[in-house]
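For the numbering used here, add 4 to where a residue sits in the sequence shown, where the first one is 1.
Simulated from the structure, these hints should not be mistaken for lab results. Glycine included, C-beta positions come from ideal geometry on N, C-alpha and C. A portion of the hints provided could be inaccurate.
Okay, the calculated beta carbon distance ranges per label pair [stated by the list, open to error]:
1) Ala73 x Lys236: 53 to 63 Å
2) Glu205 x Thr78: 24 to 34 Å
3) Asn49 x Lys245: 28 to 38 Å
4) His127 x Val212: 21 to 31 Å
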Amino acid sequence: MTAAITDENGASPLGRALILLGDMWTLRIVMWVFNGKRRFQDLRNALSISDPVLSRRLNSLVDEGILEAREYQTNPPRREYVLTEAGLDLWQVLVAMWVWDRRWAGHHHRDAQTRLRHLDCGHHVRPVFGCGACGAIGVGARDVRGTVDDRLLLDSVQRRSRRSPTMTTPIDATGVLGDRWSTFLLSDAFTGTRRFNDFQENLGISPVTLTQRLHLFVEAGMMSREDIAGGKRQEYRLTSKALDFFDVTTTINGWAQRWLTQDGRSGLNLVHIPCENEFVPQFTCNACNGVLNRTNIRFEGPIPEL
């Protein structure tokens, strides 16, 4: 495979994006800043997070170029945090997460009463996922051919000692992304991996950790466990619930291509099979078929309590 641009530690751009966004506190901070919470104390109160943890996450987001710290008071000095262009460009990822949670996380989820309005036509919408290269709508995981750069999977091995929050059921989008092993496991599964030994070989994951993640995905309805070879072996196949998470994964991949690499190669290469072009994630309005962008949409309703 062709190597993607890597950082000094050998990480592929998508690997860096998954490591960066594969943290529930980071995702929650970005969501709250999108919702207008910019000051340290407001974020601390909204998130019920300790000062040291919040400070570390904010510094990391500033270092990664997602947030910018701006002084709004000099005596005593006070700063607020605003999204950079790279941070604002995460809007597509957040829309994909909202769509998935609305469908799969249940009526009691924090986003259940939140609506998305398309400002161009004025309607509350259910965004339709598609290909920006050819304009096709209703594109899913089975419509795309993917190949993974070896170094993307190597990223998971290099980070295996870094602890992640333990996923629990029921799972929402932040729960999946907030567990780093789960993001790597899904990325590998989207390329066609189904067997335990293949997951273990590709990801360098311990048998115990892999067993736990696969069990959780089965319990959460994101994978089905099926006997093959007369019951001698098993395969883990993605369900519709997991296949719908493709939108989240590919929007993160698109963000990594735009912001974490100079040549547009992230480590996960996706081709839209019908048009044979590189897959470009795009959301359209189900009411008027117009293309959605961050300037013509608005979330309305209760601000999610994270």
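Right, here's what the structure says about each hint:
Distance hint check for Ala73 and Lys236: the Cβ-Cβ separation is about 58 Å, which falls inside the suggested range of 53 to 63 Å. A beta carbon spacing of about 56 Å between Glu205 and Thr78 contradicts the range 24 to 34 Å that was offered as a hint. For the pair Asn49 and Lys245, the beta carbons lie near 33 Å from each other, so the given range of 28 to 38 Å is met. Evaluation of the 21 to 31 Å hint for His127 and Val212 yields a failure: the beta carbon distance comes to about 49 Å.
Hint compliance for this structure: hints 2 and 4 are broken, all remaining hints hold.
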